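Student: Spelled out from the first residue to the last, the chains are:
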Amino acid sequence: MKASLQKLFSPGPDGAIARGRCAGFMLIESVRQVYGHLVAIDDVSLAVAPGEILCLLGASGCGKTTLLRLAAGVEAPTSGRILLDGREVAGPSVFVPPEERGVGLVFQDYALFPHMSIVDNVMFGLRHMRKAAARELAIRALDRVALARYADDFPHMLSGGEQQRVALARALAPRPSIILMDEPFSNLDQRLRETIREETMTLLREEGISAVVVTHDPEEAMHIADRIALMRAGRIVQSGTAEDLYFRPETLFAARFFCDFNEIEATSRDGVVETPLGSFPAPAEVPNGPCLVCIRPQALQIAADGHGKAAEVVARRFLGRVDRIRIRVPGLPRDLHARLRDARAYRPGQKVGLQVDPRDVLTFPTDSPKS
Amino acid sequence: MSSLTSAILWPFAPRLRRGVGGWLAGSFVVAALVAAPIVSLALLAAQGSGDLWPHLVAYILPQAFRDTLLLLGGVGILVVTIGASAAWLVTAYDFPGRRWLEWALLLPLAMPTYIIAYAYLDLLHPIGPVQSGLRALLGYESPRDLILPDIRSMGGCILLFGFVLYPYVYLSTRAMFLMQIASLVEVARTLSAGRAGVFFRVALPLARPAIAVGTSLALMEALNDVGASEFLGVRTLTVSIYSTWINRSNLPGAAQIALLMLLVVVTLIIIERFARRRQRYAGAAQRQRKLTPQRLGGWRGALAVVACLVPVLIGFVLPALYLVTEAAKRIRFAGISPEIVTQTITTVTISAIATVVALLLGLVLAFTARLAQRAFSAMLLRVASLGYAVPGTVLALGLLAPLTAVDGWIDDTSRMVFGVGTGLLLFGSGAALVYAYAARFLTISTGGIEAGLARISPSLDHAGRTLGASALGVVTRIQLPLISPALLSAGLLVFVDCMKELPATLLLRPLNLETLATHLYGEAARGTYEDGSVAALAIVLFGLVPVVLLARLGQRRIVARGRTAEPVDNVASDSLILGSAALDAAPVPASGPQVNGSYVSGTDPRT
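Those protein sequences? They're chains Y and A, same order as listed.
So the first sequence is numbered by the working numbering: it starts at 43 and just counts up by one.
So the second sequence is numbered by the working numbering: it starts at 2 and just counts up by one.
Chain A extracted, bound-state conformation:
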């Protein structure tokens, strides 16, 4: 068969896919690396926790389960309410400050849950600024005269989580609203549906898949959290795992709770998949035109402004202001301590290494899936995306045994061959941390790269092949240049997530190594969280980078749409949304129709 025919038939004729074997093997190794901690966790749990189990079942688990479910339920309701309504307001209506609020609503993404909890503990403290202010306003003398509900409660925890995690729902839902419902909304209106009718009968049911994706991401974050819930006095499963391991030194017991927690995650995933079982309807080909926002004037407009402003204030502005003032006080008082500088360097270095690793592994997985187009590679991708669904504590637990074994083996071998032991090479060097980060955030990089690749029409591959490029040549000369923006934003997201990561870092870091997050946690554990404000501020500032990027890309998309009517997609939000590919390696519905916006038409989405 001539090379021309084979090039044309590629990738449809299986025997013409030469060299795919290597890619598949690479993907298999990556998937195995991600799956290893979960397998080891199961083995660990099977050892039995001895006499602890009855204690766990009687005293710890029922309460931990109850708290976890209450927390997830409450946070779920709150993020859907805030996220979906804010998304609808800024897409369907025009009111003063809408353009500004459209991206400001993303800001809480930069605020890790544990930082917002510390900030509000102080802000709402009986002698903190809010309560003192209220007392001054109402004329009370002492804290005893005006007792407000304590933020350190289930209610407080739900409230705080809701206000920092709603952007996940906001982002995915807004993408859905922007993509595909302009003509549907207009038709609904000519069929005499009013404002409420359009929202409840058309927009909301259509956005259900996107809402499900966003909500499950938010709940995954809530479940992952260890710092905030602990300090707000909510004893979730995550907190129980941590304390069973650290305080009781009972590893199998912790592993058992961790397995139960995985059960909760799996349930979440099943619910999410059920909620968007009709995604094929939602993905129906609709012409993509931007909805023309309706002008809201008078009290309606004012109400919309308030509704969008409140989440931004609570979820970002207030705690950020608090951090800035505290950090300023601290720096004026003690200067920037050399510790913070070292910690920043450590954090950035480890995060950067982990990001590079995650991107490389993501490239292997995504390219294998595109080259091989087989059920097997799709399955590998799915397995490799599991990491995001596994809470950091659980992942750390699962990594402990295999890594200790490997460390021991390296040490023994080295003693035998060189006569010198290496000690705990993986744990001591921080390689274990890099492994954990890469495994946990691999989904974000894979998702981003996949979304980028999906937008490259296969005809471009075919054109490249017919013009004489090899399979690898197509990758390096066509695909990589085209996905570079996707790669960049996926990398940024992974980087920032690594910087913020707390639970796995706490458990896997080398002795005496502090990152910004663990430093802050340590200060908080000592009850001196205001001393950690500089570290907290640094984390939030780093976290702002991808949010600003998201917002800028979002604005550009609107400009580009106005000019070309061609949907130009938001790569960063894709990676974030596709980060949920943990839930399902298949493209999420929010991105389904985006495939249409391929590069074929010659419009460069980067402009």
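Here chain Y stands alone, though its shape is the one from the complex:
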């Protein structure tokens, strides 16, 4: 696997197609986008460093695609500025149309021109050079994604994964300073998706090209991104590395986006939260009063009865790598879910002892405005 990837993406003898391309950087400053009464983007500021791969993550309708479209220039922002490599491309008095921006765009449906052959698709953006040279460059770009032999086929003859790679080659061929991808892997089936994702990201990193990738899948974002910007209702809720968002979510929303918690309502007092599972330290920003204790499924460990909090196994589901176990604890309104390895010995109805790893417990105030 590894070997074939390296073969696929090792630079050709006469250098990579992107040789000489300098990674671009993008700055988005207080951008708003309003459609009638709908505020699609609400005062978003964001920077993409040269060579960085940034993920815009969020549920559908959160504005992530709109932000991407604004960056590409296929829409103009209501207010705010966008800078590309230091040049203002959208602002109060400036609007550079997409054809003059030098950005690459890859769509979820790949948007290959159905009336053109594969190589003509890749040559589409290479109009400024002579045809022979453009074709040579296009073939080389196709070679980079291992599709040169399909050059004269038509898009509908290719599989989804191949079409995705053509779209990538087409976007990269004119050497854009930044590449923008809208859910580029969502139309691929599970197994293929992981392979293509790896290949694509390896290519982008080798070329050192900056990229903004839109996705709704937190796991995918963690796979590909240097930095993740989590969006909600047209705003960026939090941005940072995958670890930042996972371990140090600033809001309950961000926390829930990356994990299915066991949530327990409790009350915090002077930095301590008492629950039927025991007491946990509350972070300083949680005020005295009602709060929500969030326990990751993997924080729960079970042992023989008597070791830890008394509990009862309600159901067990074998999932391969782990078992998913439903546990009932006296005093808790809802059952807890745990994910455990080597838990096949436990049977429904069995009395067990429950232990909680406090490092996997987060506490948020209940009246959190972002809940």
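Note that these hints are calculated values from the structure, not bench results.
Hints should not be assumed to be uniformly reliable.
[Unchecked claim] Just so you have them, the derived chain A footprint on chain Y, three or more residues with Cβ under 8 Å:
| # | stretch |
| --- | --- |
| 1 | 108–121 |
| 2 | 135–148 |
| 3 | 163–172 |
[Unchecked claim] Below, a sample of chain Y positions facing chain A; criterion: calculated Cβ distance under 8 Å:
| # | residue |
| --- | --- |
| 4 | Gly93 |
| 5 | Glu94 |
| 6 | Phe155 |
| 7 | His157 |
| 8 | Pro216 |
Computed from a prediction, not measured in an experiment: that's the story for all the values here.
Note that beta-carbon positions come from the ideal geometry of N, C-alpha and C, so glycine has one too.
Starting from the known structure of chain Y, arrange chain A on it as the hints suggest.
Tutor: Relative to chain Y, chain A alone:
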């Protein structure tokens, strides 16, 4: 096999398709009824026209062919230019008045070719308002001082036809632009294609199938026309058929020309099919998102407004204003004559009957095709759709012999059994007219119903069957309710087409029966077309109904898209576009991807 399994396997297991035989037989009869006039035409032509043929070949045909081809060529270029560019302007760009123009561009659909010809003959007459106005403006005294090109010429005819027939191209092309090219256009732009590049390198090649469909519809209309070209002095094949039959009373001769004309139609169809041989590429699954129009400001915006306004003005507003003023004058002078009232009632009655017949036959055909899913039923559908491609004159000619024979047989039988003759029952009662209308416009109803059915996911049928409904139960409880909007708009289109129909009506109507269209034609033949203005206005007003409906559905679609991002389709435009199924019973490319917008998702396209 248990009924549950059979329900699940239906319709894939052939032996489980019980009761399809009846449907197939019904469809066969419908197809035979449509094919009958064409067969009879061939028989008629084979009789030979005696000594007329050499005359036809030497003097009539070369000129008629030349005129027809010139007319079709000119109209073709004009409708593509106007239709495709207007469609692109209103979908890709945003400029003042765009929303209004988007549907106003459809208005000329309500204007039959013969009415626009009469209107412009008067408007552009040397002592008409346009020339008088020009003279006043330029300071000329007499008509002799300023001689403009005569509208009564090939050029004038092409111009007028182009400006009333472009909406066919506009409609199909705009549907294509709306459906599937948002992401393609955006990608093209990031690959540094400018405005012209996007249009010529991406939009236009992709829309080629839709343009081909629209153009062939427009040309079919041009070919069908008898009133306008005759009055503008263009002697097309259609006009030759009419005059050979009526003036020379030579039926076989007319049939021979009619067969030649069918040849022209077949050529058109072949060209059209060739032009969209790549439709499978165009139908490739693309996510359907509406193109965000680019704002055009300043002189560019103004230019776009003018470009979209001119076709509306020439194709609808000017002639409509003329009709309104003339009709007002006429009514003030003479009131509404009882004749017009009778004619309106006659026209509406016959059109309504024909519409019901066409819808019923269309239902039979479309349901057979869905139930049977066999090559045979598809072929029947294709044959039954031929009517639209057959010009009215040709159809009327073909119907004459078989209907006369049937009339004679009924008369004889009645004499023998009851001792009383019935006379010409079919011709005398107007049944012949209903037959002709239904045969000619059957495609519109079939196309509309098929488009509606195509959007119903087969899983709905299967769900119905597994829940205990019979095949007929699925039709009445699931499919019919779901296609009712499609049925309604298809019915409206057929109705209006019947109201406007002129050539077949002229030839097949019972003695002393006048419809609005034939009344107008009669006035025009006497050179007193302004006297027919009330009838003309009535026709145009009726014709406006489906156009307004089209426009309203179009607007709704945009709203619905904004809300659900689910393509909600324009049933009326489907029926119109699918009306071209005459060209090919397979779904046209413009509708190919629409199949995705099925009812499965629970969004009701009527909202």
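Student: Quick check: which numbered hints come out false for this structure?
Tutor: 4 and 5
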